[in-house]
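What follows is the residue order along each chain.
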Amino acid sequence: MRSKLPVLRTRRRYLAFLVEAEGEICSKDLIEEIQSSQLSLFGDAGVARNRLKLISFQNGRGLLRCHHHHIQETRAVLAAVGSIKGIRAAIRTKGLSGTIKSATEKYIPQLSKLSFENDGRRIELEEVSGCIIRTRGLEVDLCPDDRSWTKGSDTMYMGLTSFDLCGGHEDADGTTDGL
Amino acid sequence: MSFCEILKAFPEGSDSASRLALAAKRMGYQGIMICNEAPDRIFRPKAIGHVKGINVIFGAEVCASNPRALRSRVSSLRPRFPFLAFSGYSEEMARAACEDPNMDLMLLRPELRRPLGIVSAKAAKQNQVAIGFDISPLVRWRGSARSRWLETVSRSLELSRKFDLAMAITIGARSHLDLRSPRDLAALAEVAGFEPNEADAALELPGKLVKLNQRNWLGPGVELL
Numbered sequence: 016m017r018s019k020l021p022v023l024r025t026r027r028r029y030l031a032f033l034v035e036a037e038g039e040i041c042s043k044d045l046i047e048e049i050q051s052s053q054l055s056l057f058g059d060a061g062v063a064r065n066r067l068k069l070i071s072f073q074n075g076r077g078l079l080r081c082h083h084h085h086i087q088e089t090r091a092v093l094a095a096v097g098s099i100k101g102i103r104a105a106i107r108t109k110g111l112s113g114t115i116k117s118a119t120e121k122y123i124p125q126l127s128k129l130s131f132e133n134d135g136r137r138i139e140l141e142e143v144s145g146c147i148i149r150t151r152g153l154e155v156d157l158c159p160d161d162r163s164w165t166k167g168s169d170t171m172y173m174g175l176t177s178f179d180l181c182g183g184h185e186d187a188d189g190t191t192d193g194l
Numbered sequence: 342m343s344f345c346e347i348l349k350a351f352p353e354g355s356d357s358a359s360r361l362a363l364a365a366k367r368m369g370y371q372g373i374m375i376c377n378e379a380p381d382r383i384f385r386p387k388a389i390g391h392v393k394g395i396n397v398i399f400g401a402e403v404c405a406s407n408p409r410a411l412r413s414r415v416s417s418l419r420p421r422f423p424f425l426a427f428s429g430y431s432e433e434m435a436r437a438a439c440e441d442p443n444m445d446l447m448l449l450r451p452e453l454r455r456p457l458g459i460v461s462a463k464a465a466k467q468n469q470v471a472i473g474f475d476i477s478p479l480v481r482w483r484g485s486a487r488s489r490w491l492e493t494v495s496r497s498l499e500l501s502r503k504f505d506l507a508m509a510i511t512i513g514a515r516s517h518l519d520l521r522s523p524r525d526l527a528a529l530a531e532v533a534g535f536e537p538n539e540a541d542a543a544l545e546l547p548g549k550l551v552k553l554n555q556r557n558w559l560g561p562g563v564e565l566l
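Just so you know, the sequences run in chain order F and C. In case it helps, the working numbering puts the first sequence at residues 16 to 194. In case it helps, the working numbering puts the second sequence at residues 342 to 566.
The set of hints was computed from the structure by calculation and includes no laboratory data. Hints may contain errors.
[What the hints assert, rightly or not] In silico DSS-like pairs for lysine-lysine, Cα to Cα no more than 27 Å straight-line:
1. Lys121(F) to Lys43(F)
2. Lys549(C) to Lys121(F)
3. Lys366(C) to Lys166(F)
4. Lys68(F) to Lys121(F)
5. Lys166(F) to Lys116(F)
6. Lys503(C) to Lys387(C)
7. Lys366(C) to Lys393(C)
8. Lys503(C) to Lys366(C)
9. Lys552(C) to Lys387(C)
10. Lys109(F) to Lys463(C)
11. Lys463(C) to Lys552(C)
12. Lys503(C) to Lys466(C)
13. Lys109(F) to Lys121(F)
14. Lys121(F) to Lys503(C)
15. Lys503(C) to Lys463(C)
16. Lys387(C) to Lys166(F)
17. Lys366(C) to Lys387(C)
18. Lys387(C) to Lys109(F)
Can you build the whole structure from these sequences, using the hints too?
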């Protein structure tokens, strides 16, 4: 029941986060995974103490509302997510704020659309070979020809940088792919 | 605060060393330590020189099937690497690792169902071997397996506090998707039973050990300046 006294209202905090994943993630899958992680870590009583709500999620960045006494718990819940609907993912906490407005202004840049495009280029080196899936700044995700190369870490793609591919140069500043 | 994380790079993980360094730098680490079982076979280690603003150290994880092989492997690796770690997969091997003063870190493997033994803890204290807690089961496992592991960790933690052992935390990352920021790691460690100040000290420990090892020690307590 809604309290009429503002002083009795629970205080909230807003966690801004970034999702790094090997594929596209929708907000419904994300909140399901976060709630399942919270339930398995802290149980029903823990969920009741700290009701999480996904305020927004767009272009891999989102805002999550939590109770102001359970911030560390919420961080642990987000860090304990290793995959979302079978897609390998990691949730990175960017920052914490007291209002939606300040959290958005501080931690969610408006022009931050991450573009994941199929590159179509191939890499043939002595040690590794495969197709480039996407590039982001200096980072290169590679679909390896031999699946056993990613066996130990359960990932689909190998993570390389343009420096590994001999295209990196001293003045590379992260704005070009350097390949 | 200078946080440092222990990682595995390609071919034992799926990311190259420079990619791990870039990801770790973005997350707020001041250093990373790459500890592969075969440290000579790391993919493009020279590419790391291009990643500025993060200290990358190449250590080694000792791999041995019996205590004797462990000792000989440690003595051969010690002069070449500033940091040596060992994953204790059985109680006997964990004890052997704790009894070797040349060892820096004994990692308690999550698959090891038993907690740290009293004899190992005493040996670790005597030989100044740090105890490493791999907290990756908090991410990788769910349900009863994870609750069993949490119980084992809390027992090992009690013993480590009792003997005042140096503790380290790692998430055993093999790719950038396994990596977590230092604050997230501390939050996970608190779930596993660490106190906040213990978690911070544990995250700083590998860097401190490497700094100590890189100094020129002539013997115990004697340094060439």
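- Item | 27 Å Cα cutoff - pair Lys387(C), Lys109(F) | violated (31 Å)
- Does the alpha-carbon distance linking Lys366(C) and Lys166(F) stay inside the 27 Å limit? holds (25 Å)
- Query: Has the given pair, Lys463(C) with Lys552(C), been kept, meaning a C-alpha gap of at most 27 Å?
  - Reply: holds (25 Å)
- Message: For a C-alpha distance cap of 27 Å, please report whether Lys387(C) and Lys166(F) respect it.
- Response: holds (24 Å)
- Message: Against the 27 Å threshold, does the CA-CA distance of Lys549(C) and Lys121(F) hold or violate the hint?
- Response: It is violated: about 33 Å lies between the C-alpha atoms, which goes past 27 Å.
- Message: Tell me if the straight-line CA distance from Lys366(C) to Lys387(C) falls inside 27 Å.
- Response: This hinted pair holds, its Cα atoms lying about 17 Å apart.
- Hey, Lys503(C) versus Lys387(C), does the alpha-carbon distance stay inside 27 Å? Roughly 43 Å between the alpha carbons, so the hint for Lys503(C) and Lys387(C) is violated.
- Item | Given hint Lys466(C) paired with Lys503(C) - CA-CA distance at most 27 Å | Distance of about 11 Å is within 27 Å: holds.
- Message: Checking one constraint from the list: CA of Lys109(F) to CA of Lys463(C), max 27 Å. Satisfied?
- Response: The given pair, whose Cα atoms are some 41 Å apart, is violated under the 27 Å limit.
- Query: Taking 27 Å as the top limit, are the C-alpha atoms of Lys68(F) and Lys121(F) close enough?
  - Reply: holds (20 Å)
- For the pair supplied as a hint, Lys166(F) and Lys116(F), confirm whether the alpha-carbon distance does not exceed 27 Å. violated (43 Å)
- Message: Check whether the Cα positions of Lys121(F) and Lys43(F) lie no farther apart than 27 Å.
- Response: holds (25 Å)
Figure legend: structure checked against the earlier numbered hints; hints not met, in rising order: 2, 5, 6, 8, 10, 14, 18.
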